[in-house]
Amino acid sequence: SQQGEEDPQALSIQEGENATMNCSYKTSINNLQWYRQNSGRGLVHLILIRSNEREKHSGRLRVTLDTSKKSGSLLITASRAADTASYFCATGGITGANSKLTFGKGITLSVRP
Amino acid sequence: EPEVTQTPSHQVTQMGQEVILRCVPISNHLYFYWYRQILGQKVEFLVSFYNNEISEKSEIFDDQFSVERPDGSNFTLKIRSTKLEDSAMYFCASSAQGAGYEQYFGPGTRLTVT
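Listed in order, the protein sequences are those of chains A and B. The numbering used here puts the first residue of the first sequence at 1, with every later residue one more than the last. The numbering used here puts the first residue of the second sequence at 1001, with every later residue one more than the last.
Chain A extracted, bound-state conformation (with noise of 0.2 Å):
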């Protein structure tokens, strides 16, 4: 089945640095998003990249995904504390009227001030 896995696991950058986060998958998605959450709240959409796109870039956000590799990446430019949160890939299927989505386990991003 499709999975989003990201890496690295963990990420700490000082405030003001690029942060990359990747993901990869194993079966064909219609789509790679990505959402946030912060401590033991709910989850943020932040954006929706489909299958046939490469690139997305929204305020501070730049995302790409290559589906030859079955690889996506997030990329939060000039980082600020308040990013400081859990980063989550999650991937939407291709068939079905209702695609639920799969989500990795997530990325721990710290960003010192």
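The set of hints was computed from the structure by calculation and includes no laboratory data. Note that the Cβ used here is the ideal one computed from N, Cα and C, for glycine as well. Among the hints, a few may not be true.
Said to hold, decoys possible - Over 12 Å on every C-beta distance to chain B, these chain A residues come out as not near it, computed from the model: (1) Glu5; (2) Asp7; (3) Leu11; (4) Glu17; (5) Thr20; (6) Arg41; (7) Gly59; (8) Lys70; (9) Ala82.
Stated by the list, open to error - To spell it out: a stretch of chain A is covered by chain B in this simulated footprint if at least three of its residues, at any positions, have a beta carbon under 8 Å from a beta carbon of chain B; those stretches are: (10) 31–37; (11) 44–51.
Following the hints, put chain B in place on chain A, whose structure we already have.
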């Protein structure tokens, strides 16, 4: 900005008791989901719901679980006889257009089974 809401935020129940978790999806959304996250683990899909019926369910969603949209706004998850291993954060999500589109998640209900 419209958002998904969930109640209660925290539910404590004894093993064997029934619980109902409630969600109000975004008003013009048509596709509804439940996920759960056991502490320290992945977010796992439970069930999807469209046009008043279950579209897809996972292996976790056994006969102890049921979902309902009792009126035009609420979407509920019922666990008939809770087990210790049902302790988790339960997230409701909704989507305007289903497959290939964003899912918006509620803040979650933390269920603790003692």
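Status of the stated non-contact between Lys70/A and chain B (beta carbon gap over 12 Å): holds (18 Å)
Verdict on Arg41/A as a residue remote from chain B, using beta-carbon distances over 12 Å: Arg41/A is in fact no farther than 12 Å from some Cβ atom of chain B, at 6 Å.
Beyond 12 Å from each Cβ of chain B, as asserted for Glu5/A: Nearest chain B Cβ is 10 Å from Glu5/A, so the label is violated.
Coverage claim, chain B over the segment 44–51 of chain A, checked by counting residues with Cβ within 8 Å (three needed): Check passed, 4 qualifying residues.
Is the nearest Cβ of chain B still more than 12 Å from the Cβ of Leu11/A? holds (18 Å)
Whether Thr20/A stays farther than 12 Å from all C-beta atoms of chain B, as the label says: holds (21 Å)
Status of the stated non-contact between Asp7/A and chain B (beta carbon gap over 12 Å): Check passes; 14 Å lies beyond 12 Å.
So Gly59/A supposedly isn't at the interface. Is its beta-carbon more than 12 Å from every beta-carbon in chain B? Holds, since 16 Å exceeds 12 Å.
Closer than 8 Å Cβ to Cβ for three or more residues is the test here. Does the segment 31–37 of chain A pass it with chain B? It holds, with 3 qualifying residues against the three required.
So is Glu17/A really clear of chain B, every C-beta pair being over 12 Å apart? Holds, since 27 Å exceeds 12 Å.
Classify the label on Ala82/A as holds or violated, using whether its beta-carbon is more than 12 Å from each beta-carbon of chain B. Correct as stated: the minimum Cβ-Cβ distance to chain B is 18 Å, above 12 Å.
Hints 1, 6, counting from the list given before, are not met by this structure.
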